[in-house]
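Novice: Fit chain B to the supplied structure of chain A, relying on the hints for placement.
Number of protein chains: 2
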Amino acid sequence: MTGPLKVALLGCGTVGSAVLRLVDEQAADLAARVGRAVEVVGVAVRRPDRHPEVPAGLLTTDAHGLVTRDDVDLVVEVIGGIEPARSLILAAIESGKSVVSANKALLAEDGVALHAAAAKAGVDLYYEASVAGAIPLLRPLRESLAGDQIRRVVGIVNGTTNYILSRMAETGAGFSEALAEATELGYAEADPTADVDGFDAAAKAAILASLAFHTAVTAADVHREGISSVTATDVARAAEIGCTVKLLAICERVAGRPDEAEGDTVAVRVHPAMIPTSHPLAAVGGAFNAVFVEAEAAGQLMFYGQGAGGEPTASAVLGDLVAVARNRVAGAAGAGPSAYAELPARPIAETPTRYHVSLDVADVPGVLATVATEFARHEVSIATVRQDGYGDAATLVIVTHSAPDAALSATIAALREVPAVRGVTSVLRVEGLS
Amino acid sequence: MTGPLKVALLGCGTVGSAVLRLVDEQAADLAARVGRAVEVVGVAVRRPDRHPEVPAGLLTTDAHGLVTRDDVDLVVEVIGGIEPARSLILAAIESGKSVVSANKALLAEDGVALHAAAAKAGVDLYYEASVAGAIPLLRPLRESLAGDQIRRVVGIVNGTTNYILSRMAETGAGFSEALAEATELGYAEADPTADVDGFDAAAKAAILASLAFHTAVTAADVHREGISSVTATDVARAAEIGCTVKLLAICERVAGRPDEAEGDTVAVRVHPAMIPTSHPLAAVGGAFNAVFVEAEAAGQLMFYGQGAGGEPTASAVLGDLVAVARNRVAGAAGAGPSAYAELPARPIAETPTRYHVSLDVADVPGVLATVATEFARHEVSIATVRQDGYGDAATLVIVTHSAPDAALSATIAALREVPAVRGVTSVLRVEGLS
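Chains A and B, in that order, give the protein sequences.
Each residue of the first sequence is one higher than the one before, starting from 1 at the first, in full-length UniProt numbering.
Each residue of the second sequence is one higher than the one before, starting from 1 at the first, in full-length UniProt numbering.
Isolated chain A (complex conformation) (with noise of 0.2 Å):
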């Protein structure tokens, strides 16, 4: 065993911290199961008087200079956004130096090019913990089901929007009232864009379907809708036929026409949906992930575990070191995810879904048939109708079968137009009915 390998540490928030802390306490068992000790050499920071927990030796604020210095084998990446990271890994990996990140933004932009670069320099990139914390879930997916067809993946994998939505069916509160709890919890943070609009969804979302796929897809080729347009009446109309409202990101290969000359597409999505009580994802509550995967071969395969929080995400970035540092001393980098699919994206608006719909309308003679016909004059097959009066009026609840999105949505914008409807209340997917 010769010296240590070396590493830089860029960013030192609560994930950066539980990693440089582990390090430490599990060195003897690193340097074992690695066949060379690990050392954090640097820790590259805005403000080294913020961070009073760190050996001030190894502080700096010129992350490039750490990340190109000769002396470091392995840089983690912990800052997480676009810029500076896109840059300093980049550096590093020009320098010679694997990477391992946990930025699920920059990989879900920018993976192609920073896989190339990584391939054209030898060097490793990994981001386990990118997607669903400290759950093992690219690994298996690039590794374990690389000798099978993987059809679909479907995820729970944003902790944030999930407590809100548990909590919506708890309390029967709105969205508004549960997220102001979600932020007083700290569950959510002060600008809680990026987890209930479904930015971070739709990151991880792009990450999942990329190495599931074997195909290059970013964020912007996924469809992406968060859930600040979900209503207590949704949650109560979900519950009444047996599903409940979760935010799901949806990897799915649309398999294409050989007659039609139409190739295999891949529909990506991040959006709020119904799911039966019954279906395994519906019972992850709170900061829980999950993440179910449908393959040919292997059949349905479920994953489970911390989404977020320092500590299991420090697990992943560390699952992560302990490879890119035994391949470091294999004197080989390990294999990269394969991209040679070149799969297109398929739009939302030709993606097959299946809708719940309720209607308020008028109680007169005719008026499930008029419903009926819109449904019929965009092609829309009905799976399951209920109707119940009350007085003058009544509710029509619908769940149709699977239909390209964009008829669905036609549907729903005719139904507005119908004299006999006097409201529609509400409008959702419904994912996981056989």
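Just so you know, these hints were derived from the structure itself, not from any lab.
Be aware that a few hints might be false.
Unchecked claim - Chain A side only, calculated, beta carbon under 10 Å to chain B, not exhaustive:
| id | residue |
| --- | --- |
| 1 | Ala298 |
| 2 | Ala330 |
| 3 | Val364 |
Unchecked claim - Here are the computed distance ranges between Cβ atoms for each label pair:
| id | chain 1 | residue 1 | chain 2 | residue 2 | range |
| --- | --- | --- | --- | --- | --- |
| 4 | B | Arg21 | A | Ala383 | 29 to 37 Å |
| 5 | B | Tyr340 | A | Ala383 | 54 to 62 Å |
| 6 | B | Asp71 | A | Asp259 | 49 to 57 Å |
| 7 | B | Glu170 | A | Leu185 | 37 to 45 Å |
| 8 | B | Glu294 | A | Gly242 | 31 to 39 Å |
| 9 | B | Gly242 | A | Ser278 | 55 to 63 Å |
| 10 | A | Glu184 | B | Gly389 | 33 to 41 Å |
| 11 | A | Lys120 | B | Ala190 | 52 to 60 Å |
| 12 | B | Glu83 | A | Ala383 | 51 to 59 Å |
| 13 | A | Ala283 | B | Glu53 | 40 to 48 Å |
| 14 | B | Ala190 | A | Gly96 | 43 to 51 Å |
| 15 | A | Gly242 | B | Gly285 | 37 to 45 Å |
| 16 | A | Thr2 | B | Lys120 | 46 to 54 Å |
| 17 | B | Lys120 | A | Leu185 | 51 to 59 Å |
To be verified - Pulled from the structure, derived: some chain A residues nowhere near chain B, Cβ distances all over 12 Å:
| id | residue |
| --- | --- |
| 18 | Gly35 |
| 19 | Arg47 |
| 20 | Glu94 |
| 21 | Arg142 |
| 22 | Glu184 |
| 23 | Glu189 |
| 24 | Glu225 |
| 25 | Gly319 |
| 26 | Arg326 |
| 27 | Ala333 |
Think of the CB as a built atom: it goes at the ideal place given N, C-alpha and C, for glycine as much as any other residue.
Specialist: Here is chain B on its own, set in the frame of chain A:
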């Protein structure tokens, strides 16, 4: 891209024939993912006439000749059992071939020697398919959690016993009746010993413990109890306290006592146990397997999927095949599992467990005191007790706190000698209560 990587397949039963078919069907994808084509060049079987689906030119009865053929790069072993699998794998390794195996019995008995041989020869030995079929489990333990400290692994890893116990719970049937049904439906083999007596689960537990704790654990180190003595009464009593009976494989790292210079130990055991119906493992039914992992930093993780069957197992084999093929293309073997810890196995007698005990007692003054005294005399603390009287008799249901298994066994033995105790009607360990 140079010529194809050549694969020798040992065995062509349910799993082998699925592997053969998938390698053929997915040839283009495998080539893209590996960087070279992958081709099966020989299939060793005992009775070639029984494999009309395999091209005759591939079939051979000379397994040893096949695995040592100069042009073979990779060997897939799906024969199962100790011999001739061991000799063939060793011959393959010594000839410089990387090996993928689904052989839990062999890995659990002789993993250390096989890994040593692979390390010496500079080749890979992967065996994801040996535990929990399609579920990516060994790679996450070995790699994703390599920077964490795993405390505990608890799994349902045998589908046959899970089916039998599920049916007992659903129908109120006894063990023999449920086994007969399982046999008739093909869920149990004609000789069900390996499954119902826990040998299969024990082999898997040994493999899981070895990887989780970085130490050598063999099947002989695993305390093993099957389900043949689980009665309809046990299952009914479990339901009464909100539990269900499952055959669990439990791997624990038990912290030593520094003050007594006692180091950490590993306790690995397979036995039926009551678990709360709210526990994530309680809902795992039929052919599905699930494994729960608790790690220091990552917290609780769960992996769920199909534990057996040709296609799911073949998915795991192919994942490994892609990995060893990529390593072959890269010109370096991957990192093997580390087993530096040398943790001694803790005997079951000293392993802390909890018990559920159900007694028929005479409803006479002082009986509860007498029973409670027996527990106290063996230093077993009682967590809950419920007494229901019926005329001159009563039922006592006791759940204990955690105590060394030997103390609990001794308590039960002593209770059987108490005159007021008319019968010990149910004794089962309890897991997963907080």
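Novice: With reference to the structure, classify each hint as holding or not holding.
Specialist: Evaluation of the provided hints:
1. Ala298: Since the shortest Cβ distance to chain B is 4 Å, the answer is holds.
2. Ala330: holds, 5 Å
3. Val364: Status violated, d = 46 Å.
4. B/Arg21 <-> A/Ala383: 29 to 37 Å: holds, 35 Å
5. B/Tyr340 <-> A/Ala383: 54 to 62 Å: holds, 57 Å
6. B/Asp71 <-> A/Asp259: 49 to 57 Å: violated, 41 Å
7. B/Glu170 <-> A/Leu185: 37 to 45 Å: holds, 41 Å
8. B/Glu294 <-> A/Gly242: 31 to 39 Å: holds, 32 Å
9. B/Gly242 <-> A/Ser278: 55 to 63 Å: violated, 20 Å
10. A/Glu184 <-> B/Gly389: 33 to 41 Å: Check failed, 51 Å falls outside 33 to 41 Å.
11. A/Lys120 <-> B/Ala190: 52 to 60 Å: Cβ of A/Lys120 to Cβ of B/Ala190: about 58 Å, so the range 52 to 60 Å holds.
12. B/Glu83 <-> A/Ala383: 51 to 59 Å: At 56 Å between Cβs, range holds.
13. A/Ala283 <-> B/Glu53: 40 to 48 Å: With Cβ atoms ~42 Å apart, the hint holds.
14. B/Ala190 <-> A/Gly96: 43 to 51 Å: For A/Gly96 against B/Ala190, whose Cβ atoms are near 59 Å apart, the range 43 to 51 Å is violated.
15. A/Gly242 <-> B/Gly285: 37 to 45 Å: violated, 19 Å
16. A/Thr2 <-> B/Lys120: 46 to 54 Å: violated, 21 Å
17. B/Lys120 <-> A/Leu185: 51 to 59 Å: holds, 56 Å
18. Gly35: violated, 8 Å
19. Arg47: holds, 26 Å
20. Glu94: holds, 21 Å
21. Arg142: violated, 10 Å
22. Glu184: A/Glu184 is indeed farther than 12 Å from all Cβ atoms of chain B, at 24 Å.
23. Glu189: Per Cβ check, A/Glu189 is outside 12 Å of chain B; nearest 21 Å; holds.
24. Glu225: holds, 28 Å
25. Gly319: At roughly 4 Å from the nearest Cβ of chain B, A/Gly319 sits no farther out than 12 Å, so the non-interface label is violated.
26. Arg326: violated, 4 Å
27. Ala333: Its Cβ does come within 12 Å of chain B, the nearest being 8 Å, so this is violated.
Checked against the numbered hints above, the structure violates hints 3, 6, 9, 10, 14, 15, 16, 18, 21, 25, 26, 27; every other hint is satisfied.
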